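Construct the complete structure from the given sequences, taking the supplied hints into account.
Letter by letter, the chains look like this.
There are 6 protein chains.
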Amino acid sequence: MGVVVRNIERASAETIAGLAECGVATVHEAQGRKGLLASYMRPIYSGARLAASAVTISSPPGDNWMVHVAIEQVQAGDILVLAPTSPCEDGYFGDLLATSMQARGGVGLIIDAGVRDIRDLTEMNFPVWSKAVYAQGTVKETLGSVNIPVVCANQLVNPGDVIVADDDGVCVVRREEAETVLAAARKRVAAEEDKRKRLAVGELGLDIYDMRGRLAEKGLKYV
Amino acid sequence: MGVVVRNIERASAETIAGLAECGVATVHEAQGRKGLLASYMRPIYSGARLAASAVTISSPPGDNWMVHVAIEQVQAGDILVLAPTSPCEDGYFGDLLATSMQARGGVGLIIDAGVRDIRDLTEMNFPVWSKAVYAQGTVKETLGSVNIPVVCANQLVNPGDVIVADDDGVCVVRREEAETVLAAARKRVAAEEDKRKRLAVGELGLDIYDMRGRLAEKGLKYV
Amino acid sequence: MGVVVRNIERASAETIAGLAECGVATVHEAQGRKGLLASYMRPIYSGARLAASAVTISSPPGDNWMVHVAIEQVQAGDILVLAPTSPCEDGYFGDLLATSMQARGGVGLIIDAGVRDIRDLTEMNFPVWSKAVYAQGTVKETLGSVNIPVVCANQLVNPGDVIVADDDGVCVVRREEAETVLAAARKRVAAEEDKRKRLAVGELGLDIYDMRGRLAEKGLKYV
Amino acid sequence: MGVVVRNIERASAETIAGLAECGVATVHEAQGRKGLLASYMRPIYSGARLAASAVTISSPPGDNWMVHVAIEQVQAGDILVLAPTSPCEDGYFGDLLATSMQARGGVGLIIDAGVRDIRDLTEMNFPVWSKAVYAQGTVKETLGSVNIPVVCANQLVNPGDVIVADDDGVCVVRREEAETVLAAARKRVAAEEDKRKRLAVGELGLDIYDMRGRLAEKGLKYV
Amino acid sequence: MGVVVRNIERASAETIAGLAECGVATVHEAQGRKGLLASYMRPIYSGARLAASAVTISSPPGDNWMVHVAIEQVQAGDILVLAPTSPCEDGYFGDLLATSMQARGGVGLIIDAGVRDIRDLTEMNFPVWSKAVYAQGTVKETLGSVNIPVVCANQLVNPGDVIVADDDGVCVVRREEAETVLAAARKRVAAEEDKRKRLAVGELGLDIYDMRGRLAEKGLKYV
Amino acid sequence: MGVVVRNIERASAETIAGLAECGVATVHEAQGRKGLLASYMRPIYSGARLAASAVTISSPPGDNWMVHVAIEQVQAGDILVLAPTSPCEDGYFGDLLATSMQARGGVGLIIDAGVRDIRDLTEMNFPVWSKAVYAQGTVKETLGSVNIPVVCANQLVNPGDVIVADDDGVCVVRREEAETVLAAARKRVAAEEDKRKRLAVGELGLDIYDMRGRLAEKGLKYV
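Residue numbers (our numbering), protein chains in the order written: chain A, 615 to 837; chain B, 615 to 837; chain C, 615 to 837; chain D, 615 to 837; chain E, 615 to 837; chain F, 615 to 837.
By construction, these hints were calculated from the structure, which means they are not laboratory data. It should be emphasised that the depicted structure is a prediction, and the values quoted were computed from it without experimental measurement.
The list treats identical chains as interchangeable, and a pair is accepted whether it falls inside one copy or across any two copies.
The calculated PhoX-like cross-link candidates involving lysine-lysine, where the alpha carbons are at most 20 angstroms apart (straight line), are:
(1) Lys801 with Lys648
(2) Lys835 with Lys648
(3) Lys801 with Lys811
(4) Lys835 with Lys754
(5) Lys809 with Lys754
As structure tokens, then:
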């Protein structure tokens, strides 16, 4: 505790933008179904969709001091990822901190705790995925750390990892795997486009994916 | 496990349409306050309102193979009702399966588990009531059954039963009781209309329902 | 049980209106971070924002008889606050009761249980903050009380206390402290305005709040 | 609502006793992994193990009137299975009702709600599997039904079905399948005995179940 | 925040001892079914049964400084009642604090948060009813208050109120009502004894409480 | 997925034994309050207390195939740590697998899912800390991995890390930090012994830890 790592590596802006376009469900599949944060992480408003480099925060419960420290480390295109050291739903973050984030080029917040001022955040187009909406304030008394690996909503997030988030939830992509995952995700998008067309005209998945034989073999009976 | 029932009986299209108009709260009251699925079953977007015949799926946790099997059994106006055999919030269903459903005339999904691609599903006007939104994918390894009775979110659903769903949640009406329930629901709608008018001009429920005597008898004291 | 208190004191309309403008997060901070209801109390639709005098209801689980009794005690600008005597998510309240409330000048409902007809309530602009949306009906068999102190979602609410509610949740302000809290909240709003401007041009909280010295003293290390 | 079915069929005492010996986990496997109540149904004390015929109760939330009605229908070897019509954790049942049950030969209670007096129940050796321990009392105002099919903790239970319960939880066996399930369960017990011996001397499941080939085929890599 | 009330009134030792004997379920009924803490408050070991005067603590989340302050206010026969100012399950209390409590004559802890060292506490016969068992430590940085009214697990507790706790949970009795409640509880115990005897020989509640007429009147049908 | 790491490093037997003696709460404090698994991880019986080297399993939901694979990798003194790839409470593990584990010298199981046969496991003295007790069986269809880093109940566990578990829960200690943590834990135990003696004779924490000045400085008021 009490450490701030100043220099972190980030994925390239093109890779990050590409991952944003693919979306959470596709990226998650493309990287072998790993990296998905718990389903209780929900967006405060619908329709936001982004990818960004993680600036991580490990914070004591009910203490948002480290958020201020972290914002100084934020570069354009970064997102804060806050994991409290024990379960907490206090509102660590509101419109003032969002103003500060936007002034630095920060694009959002992932928080395994609470957030407040969501009307203002919505008007500011500042997206947040959180465990709770809760106006309960926090103190500034105890140190935490910035840009160390954290476990957030049951997933390990390293500083500089790429966060992909949309209405389906939040997924983390290892920085060093980001390009590979993007390539796989794009392939998947293309393949899905073809399947979508065939399904749209009434062809069945049973036939497209050639499942009938294996189903019969396993013993499926039609009565 | 491993059974697909091909032929199921359905309520008439008129009855189903009538129930949709009445809505969940009214239908639930009209059939004696039974058939309501657990309150954690929430719509992925607001404003959807439907009634439809249930094509049921009993599925292993984290395995959506049977969804493909079920879609072949779907007729125009049907809705899928999926109950996993143990608690699960994986995303069994996304935009490709919704495309397939719409191509067959299917109108929605009730799932006691997770769903993904909700941005696409919203744009497609494909309503889903689910326990979770979660991008976690599933496998296709183990058989389940289609069109057998299932317990979904603490309610028994038989294939062909009528599902009524709106912003208030999800209610199941036995196929063989659907007409009677519709009649009772319509009576209820008419009666409520009258009460609404009286309440709107300031009359009190205490007087409309003639409650004052019974309240006094039970010992209510005004101080 | 079985008591209705007819005369309760209320805060002044100006004070109440002022608190509504400040919003939940600010009011909660301004009164020393107390009075916030549990975070599971969520609005049925986004964007509502109000302050109102509490007419309280203590009700048996699954029995909404006292709601009818309470509405007779409602004056223009009041809000119902219902706490069941044991945990319950039944739908105590729907569009007919909302119609009656609006006819009496009532402005909303806070309920540590369920609500139904939320499509109608949304169209009527009748805001509700509740623990659940659930169409399950209630009976009218057992007495409760109106306008006694209740504990609702883990907070004590006295009749006549001011309820402040918006997208962030629900906060209760003691009637006798309402003016003082409003003054403190307004001061806070003004102070925040200044900080918002400084943050918006890129100044850091670390500097505005002069945190660097104390962080160093506690041992924060930059690496 | 408001119906009491007096005559129900029960499985034979021998079959029931046999199922009790096999225990929940074995019976559940033996009948194809169905019939298991939700995992939140926990025993009030460790070590109880029984099988019994279900006398079912559908009860309003917070109203235990029907328990009294049901006890009159109880025969020696029966167990009460109570499902409230909406979620509730009130204490429907305590030591007086347990005294009455034992006087009639009743052997326990399965309740998707609360129970109280658990110190007394433990001393009486009256086992209960419940959702909650909660002293909150109930009223006697509204009718329910006895010996109709109910959904309890996400499983359908018909009157006369066999309930098997132990420290692992609660499983329901259809009355008409009870003998067949018992035979399958006994076969399973015997087979397990053999495997237990082999495992106890250090043989691996990988070899006993001959898994190595199929694992390699699926692509498992040892590094 | 930041207030310690030194002098609080307590109920008499005889009244407190009497309430302990009656137990939670009986006391709760005797005072009109009020004062019961939420059902998630569970004892760390079975069999403890006590009544004691509440020394209350309002504490920030994850900060147990005020526990040390509170122990100085404890007299023989007192119990600590800790309510965090926002939801928290950190382990505020362990064997060292229990040693200190026992040295001062303190008899237990009620905490709407976590506790740790439960093996030691069990060996020390120091009973705790808590929301969680959790080894997560706390800090000592922020003030709270001692002996002010708190809401603990959804019930208001005033300093000096009598806490009754056993395997059924925790109930609070207002200090000024303690004698009256004890009298009512004793009456109830006596009445139950008579009913227990009648039930034990097979008489039915239906007859003892004379329910058959009212059931018939409400329309109960036997088939 | 589909990888088994055969050779992992382990801490020394002495270090592991030392950590077991210190217990979860002390070890967790000694390593700076990190590594504690979520509080829902509870032992199936009271009194177990151990430390052991982690053999990790990443497993699909409802599929226990990898448990068989993992047991072959177990050495004397190891414990299995199973993390499903999405939330699941199925019973992955029962008495047969425990028999196999004990035959190999394995000492327990940490599982972020369900366990069954807990009566047998208790008799065998095979301790398990789990999220649920649930008899629901699993399949053997899909590969996972053994001895890769996993996130279990919100904590990262590497193969070979030391698991410390007792009635307070479960804590993970990095293998490479195990000796240092043990030294710190022992220091803490010694220091606590001294404090325990002083507290036992009635000295106050306020004085032992010299808190009065700082409390006064923060503004604590005695009234």
